[in-house]
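K.L.:
Residue-level listing of the chains:
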Amino acid sequence: MWLSLCRREWLLSWRRPQDFAQALIFLVLVVVIFPLATDLNALAEPSLALAILWNASLLSLLLGCDQLFNQDRDDGYLDQVRLGATLLVVYVVVKMVMQWLRTGLPVVLITPLVALMFGLPAQHWGLVMLTLALGSLAIIVLASLGAALTLGLARSGMLLALLILPLLVPVLIYGAGVGLAALQARDTLAPLAMLAALVLFYWALIPLAIAKVLSLTSS
Amino acid sequence: MWRWIHKWGSPKWFFQISLPWSQALMAIALVMLSLGLVWGLALAPADYQMGQSFRIIYVHVPSAILAQSLYVWVAILGAIGLIWNLKITHVLARAVMPLGTSFVFLALLTGGLWGMPTWGTYWQWDARMTSTLFLLFLYLGLWALYVLLPTAMPKQSAYKAASILALVGVVNIPIIKFSVEWWNSLHQPATFRLTEAPAMPVAMWAPLLLMVLGLYALSGALILKRARWILLADEHKASWAQDELSTLLQEKN
Amino acid sequence: MPFLSWAEFWAMGGHALYVWLSFSAFVGVLALNMLSPSWLQAKLCRQERRRRIRARRQESSS
Chain A
1 MWLSLCRREW LLSWRRPQDF AQALIFLVLV VVIFPLATDL NALAEPSLAL AILWNASLLS
61 LLLGCDQLFN QDRDDGYLDQ VRLGATLLVV YVVVKMVMQW LRTGLPVVLI TPLVALMFGL
121 PAQHWGLVML TLALGSLAII VLASLGAALT LGLARSGMLL ALLILPLLVP VLIYGAGVGL
181 AALQARDTLA PLAMLAALVL FYWALIPLAI AKVLSLTSS
Chain B
1001 MWRWIHKWGS PKWFFQISLP WSQALMAIAL VMLSLGLVWG LALAPADYQM GQSFRIIYVH
1061 VPSAILAQSL YVWVAILGAI GLIWNLKITH VLARAVMPLG TSFVFLALLT GGLWGMPTWG
1121 TYWQWDARMT STLFLLFLYL GLWALYVLLP TAMPKQSAYK AASILALVGV VNIPIIKFSV
1181 EWWNSLHQPA TFRLTEAPAM PVAMWAPLLL MVLGLYALSG ALILKRARWI LLADEHKASW
1241 AQDELSTLLQ EKN
Chain C
2001 MPFLSWAEFW AMGGHALYVW LSFSAFVGVL ALNMLSPSWL QAKLCRQERR RRIRARRQES
2061 SS
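Protein chains in written order, with my numbering: chain A, 1 to 219; chain B, 1001 to 1253; chain C, 2001 to 2062.
Bound-form chain A, shown alone (with noise of 0.2 Å):
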């Protein structure tokens, strides 16, 4: 059942790159558009980076997912699920895994070159990117949450990210922080934990939610 549900949002991913491509350019053009807001000095700043990075990541990660189940839901795809043997929550993982391949794998990868543009050091980029990767996943989830929530509704983004973002404030904080702290040669690993364990438990709780939710916003 996983494999054809993987297999079919491996396709339609393929066939349209462009989900893929948009998240990416968002979040180039939002970092690159700082600078000009602020003077050369202040660039000198790493953990100006820092938070660059992550709230420019956040809010593409975010709209990305507006539309996650639109489509599905529009082609009757979202019925077949519900109708047949596969449980919504089974869909859902797979949808939220997919989107990450698509959005937050991304993300991570470009991680470097924005820390290049900022002048954060090379020797943090790897933990970075590791809370990167842990706190997209965090945000996929979450962001998904906000896409069921507001299936049907026209001109969702904007809501979605009402209700999205003031719960993804942990996320930041000890995303972030972790950068920070290795800036500031503290201790890296408790927001690393935090944040770790703030992944997990989303990731066991939160797609039983969507998919209660979509059982009711699809109807």
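It is worth saying that the hints were derived from the structure and are not from the lab.
A hint or two may mislead.
[Stated by the list, open to error] The list that follows gives simulated cross-link-like pairs (lysine to aspartate or glutamate, EDC-like), each with its CA atoms no further than 20 Å apart:
| no. | chain 1 | residue 1 | chain 2 | residue 2 |
| --- | --- | --- | --- | --- |
| 1 | B | Lys-1087 | B | Asp-1234 |
| 2 | B | Lys-1012 | B | Glu-1244 |
| 3 | B | Lys-1007 | B | Glu-1251 |
| 4 | B | Lys-1007 | B | Glu-1244 |
| 5 | A | Lys-212 | A | Asp-79 |
| 6 | B | Lys-1087 | B | Glu-1235 |
| 7 | A | Lys-212 | A | Asp-39 |
| 8 | B | Lys-1155 | B | Glu-1235 |
| 9 | B | Lys-1012 | B | Glu-1181 |
| 10 | B | Lys-1012 | C | Glu-2059 |
| 11 | B | Lys-1252 | C | Glu-2048 |
| 12 | B | Lys-1012 | C | Glu-2048 |
| 13 | B | Lys-1012 | B | Glu-1235 |
| 14 | C | Lys-2043 | B | Glu-1181 |
| 15 | C | Lys-2043 | B | Asp-1047 |
| 16 | B | Lys-1237 | C | Glu-2008 |
| 17 | B | Lys-1155 | B | Asp-1234 |
| 18 | A | Lys-212 | A | Asp-66 |
| 19 | C | Lys-2043 | B | Glu-1235 |
| 20 | C | Lys-2043 | B | Asp-1243 |
| 21 | C | Lys-2043 | B | Glu-1251 |
| 22 | B | Lys-1007 | B | Asp-1234 |
| 23 | B | Lys-1012 | B | Asp-1234 |
Since the structure of chain A is provided, determine the placement of chains B and C on it from the hints.
P.N.:
Same frame as chain A, but now just chains B and C:
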């Protein structure tokens, strides 16, 4: 016991019983709040360090407490509504939203006004203020969901979906607080403790208690009052509702 | 008694603006919340009255 729970499934019963209850709670609330306000404003001693601005505690802390409490109540109502399918829970949850949002707003406003004479600034990125700010966003998002979702899908499904968000939100509130406190402890020394006045004399915390309890009573009264009209509007086609409306329209003429 | 005169009470030790603004905002916002259910009731009655007039009109014309 079962019969009592069964009664909550009857909109007509709720409509009738909510009137005396809200009136009783309102009376209690007005007494407690007037006493509390007078005591807090005029009779309680001022703080040695903060001076008279300390009195803002009597509106700031109760608002903050109620703001958080009411959100938890919305989540509880949502859970009950999801598990037992009681429609009245969604009516009550919708009735809470404006009041809860008002309290967060008041907590932020009075917090800022207290901050100016105390710290010299209206806003401080300390743990408490930041958490309260995000509570405001949680309220606004949930309220938007309760208003917008029913336009796109069957009402009961919409309210259930909103309840799920409330539950996710309520689970996240302690997580948000914890993370904000950690974040704050990195950047600022813990010198600013707004309401941590340990060992307040009775003369200082008694009016605070009165205000908190009075505000709880007022919230109960207002939520019930508001819920009655939401319920009547939802169920206006039912025969009991038509009877009630006839009585109301006659009274007006 | 912390205040020795009315003047002192209003002045609130120099913090008059903050204290009175806070308390009036508190009372004001709560007052709005207390009035709001009545507005809901009025709106509901208005709508119901119009519905009944429309229903009567439809009945008499059919």
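K.L.:
Hint compliance check: list the failing hint numbers for this structure, sorted ascending.
P.N.:
3, 7, 9, 10, 14, 15 and 16
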